[in-house]
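Participant: Generate coordinates for the entire structure from the input sequences, incorporating the hints supplied.
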Amino acid sequence: MAQDVPSIPGAGVNQPYSAWRWAKIKDQLLEQFRLMCQIRIFEENCARLYKAGEIPGFVHLSIGQEASAVGACTALRPTDGIVSNHRGHGHCIAKGLSVESMFLELMARDEGACAGRGGSMHIADPTLGIYGANGIVGAGIAIANGPAVAARLRGEDNITLVFFGDGAVAQGSFHEAVNIAALWKLPVIFYCENNHYAEFSAAADQHPVGLSARAGAYGIPFFSLDGNDVTAVHDGMRGIVDMVRGGAGPVLVEAETYRWHGHYEGDPERYRSKEEGAEWRERDPLERARRTLREAGCSAEELDAIAAEQEREVTAAIEHARRAPAPAGSSLHEHVVRAHASHPEPQDRVGSEDFRMMDAVRLALEAEMEDDPEVFMAGIDIAAGGNVFGITRGLHERWPARVLDTPISENAMLGLGVGAAMAGMKPVLEVMYMDFITVCFDQVVNQAAKLSFMTGGKAQMNLTIRTQFGAGRSSGSQHSQSLEALLAHIPGITVVMPSNPWDAYGLLRSAIQDPNPVVFIENRMEYGRKGPKPPRDTCIPIGRARIAREGSGVTVVSYSRMFNTCATVVDELVEEGIDVELIDLRTIAPLDWDTIHASLVKTNRLVVVHEAVRDFGIGAEIVARMADEGFWSLDAPMVRVGSAFTPAPYAPNLEQAWLPDRERIAEAIRKVANA
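Numbering-wise, numbering that gives the first Met the number 0 puts 652 at position 653 of the sequence shown, and it's gapless, one number per residue.
Honestly, the hints are just simulated from the structure, not real lab data. Glycine residues also receive a C-beta, built at the ideal position from the N, C-alpha and C atoms. Heads up, some of the hints might be wrong.
Dumping the calculated EDC-like pairs for lysine to aspartate or glutamate here, alpha-carbon to alpha-carbon at most 20 Å [said to hold, decoys possible]:
# : residue 1 : residue 2
1 : K532      : E367
2 : K601      : D614
3 : K25       : E300
4 : K273      : E198
Restraint ranges, calculated between C-beta atoms of paired labels, are given here [unchecked claim]:
#  : residue 1 : residue 2 : range
5  : T645      : A169      : 33 to 41 Å
6  : N673      : N652      : 29 to 37 Å
7  : K50       : E278      : 21 to 29 Å
8  : P646      : T567      : 35 to 43 Å
9  : K273      : A169      : 36 to 44 Å
10 : E396      : D347      : 30 to 38 Å
Facilitator: Listed below in structure tokens is the structure:
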């Protein structure tokens with residue numbers, strides 16, 4: 000059972016009120032009635048515009064659920080945050096987003112709330128505390144923890160309310176997010192709008208237990224509200240909000256309601272009866288609010304005037320949207336990646352002393368934590384344990400509130416990082432092994448990478464994901480993968496892979512300062528590699544390769560550990576008379592095409608080497624691009640060297656046969672140089 004909590008006046012109850020009570024709530028209820036009318040009229044017009052082809056994308060309407068959105072949002076402060084879902088129009092309007100900016104967005108106009116990049120399912124405005132509707136079911140539940148963490152670190156008493164449907168409860172995101180919120184006692188209200196259907200499936204067919212049982216399992220309070228009674232929702236939520244703001248930790252709320260339309264516009268609705276719909280229409284939240292206001296002394300004419308005013312406002316918004324221009328074709332690439340800082344490339348790489356790669360990572364983290372209070376770290380065993388390799392050891396002792404151990408919940412960890420970044424923080428999240436990034440791929444691919452673009456640049460996404468890889472120690476197929484090509488294929492993601500301590504230090508500092516989501520990939524086999532220690536304020540420019548050795552015979556491009564193997568091979572080949580120009584990419588996305596192309600023009604030959612499997616890899620992209628842009632400079636076929644196209648083997652002899660080695664690299668360079 001859920002924990003016992005104080006009762007909440009008015010929650011889910013229709014009850015008579017005395018005269019003084021009516022006077023107290025009349026103005027409040029009039030404003031709520033206005034908002035519900037606005038939402039209803041907005042949604043009805045959305046249905047018409049979609050049918051007429053004026054709204055081009057998917058539309059999921061919340062007609063019938065107006066009281067749930069309005070009652071909940073009017074219990075919040077303007078500084079509180081909400082996270083929404085694909086059925087989020089009502090939530091956004093109730094939180095203060097104008098119908099004009101929303102119609103502009105739905106009709107794909109440049110002046111829209113998200114500059115025409117988000118559409119119906121992705122409306123957001125972090126400046127209003129609206130941290131995004133979301134087209135991925137359940138994804139926003141994990142994101143909601145982020146603004147809550149940000150508020151706590153800043154010493155604010157803001158809370159976050161996340162809306163989700165009954166279908167989202169079956170997602171792993173729900174479990175991970177509620178678990179971590181309960182563990183950390185975060186100020187989050189998990190608000191389930193139970194409209195009885197998860198897309199086409201009845202809720203009874205989706206869940207073995209109810210939400211109250213789930214709340215009990217997490218040790219958090221549970222409340223049930225009549226989601227079609229705006230007064231009951233507001234009164235109940237007012238008490239719940241005060242509880243959460245006062246430090247009680249998260250709560251789980253279930254508001255029972257019903258969507259009048261199908262899952263999406265055009266849904267044939269074969270899964271429910273017309274009789275059921277008619278029964279719920281008798282519980283119309285607008286009519287219930289109207290009856291309550293009539294009892295409070297409002298005339299029918301007064302209420303009709305409010306509805307008519309909303310009709311005029313919505314009509315004017317539609318007409319404005321019809322006249323507004325679509326985004327210019329030339330703006331296609333805007334809001335994908337913000338400009339990387341233009342750090343100068345250090346000319347003198349002679350340090351005061353040598354230090355290890357793992358020391359470089361720790362000192363870079365330490366420097367950013369010292370310099371910027373908006374930076375915080377979260378990950379599995381990074382605090383008390385100091386990371387599985389001991390890299391973060393000692394940081395939790397210095398910053399106990401900003402170096403956080405999470406449960407083994409990569410999706411929840413990445414989600415809270417995304418939400419915290421939207422709230423203006425600079426989270427550094429550690430995914431223990433690169434292979435595990437697949438566990439939280441939604442938050443990387445669909446959230447971190449896309450939210451800046453889908454919000455027209457409104458969502459900040461200063462977020463760093465640290466992870467590591469490296470084969471050669473029989474770690475097997477699920478702990479040895481080099482997945483940088485998978486990440487580099489995603490627009491919006493920056494991928495960095497240093498090969499030496501100097502660059503590791505400078506690039507990690509640049510990554511944490513960068514306004515984009517950056518995946519910073521370390522090779523665990525190189526943690527002990529020593530090299531010069533740079534000055535404290537050193538930053539390395541992101542997106543710029545380094546020519547480690549100039550030459551004229553053949554260009555060799557590599558990165559991370561394989562760059563160091565290549566450097567050893569090149570030293571040997573020079574003695575054979577093969578003059579190699581050696582390039583360390585350092586940044587995988589964006590690639591420094593200019594440096595690669597200029598070198599190819601000089602040498603007329605190219606070899607690309609990486610630890611990842613050869614097929615469909617970074618080498619393939621480089622070779623394809625150079626075939627397009629540098630074909631007439633080529634004097635020999637270009638060659639790629641990578642691991643065999645199999646999973647990483649466990650047996651040591653097979654693993655060594657799988658990995659590129661010095662002999663294979665040398666053979667490839669000789670072949671190209673002598674062609």
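Participant: Now tell me, hint by hint, if it's right for this structure.
Facilitator: Structure-based check of all given hints:
{"no.": "1", "hint": "K532 / E367", "verdict": "holds, 17 Å"}
{"no.": "2", "hint": "K601 / D614", "verdict": "violated, 27 Å"}
{"no.": "3", "hint": "K25 / E300", "verdict": "holds, 16 Å"}
{"no.": "4", "hint": "K273 / E198", "verdict": "holds, 17 Å"}
{"no.": "5", "hint": "T645 / A169: 33 to 41 Å", "verdict": "holds, 35 Å"}
{"no.": "6", "hint": "N673 / N652: 29 to 37 Å", "verdict": "holds, 31 Å"}
{"no.": "7", "hint": "K50 / E278: 21 to 29 Å", "verdict": "holds, 26 Å"}
{"no.": "8", "hint": "P646 / T567: 35 to 43 Å", "verdict": "violated, 27 Å"}
{"no.": "9", "hint": "K273 / A169: 36 to 44 Å", "verdict": "violated, 27 Å"}
{"no.": "10", "hint": "E396 / D347: 30 to 38 Å", "verdict": "holds, 34 Å"}
Comparing the model with each earlier hint shows violations of hints 2, 8, 9; every other hint is respected.
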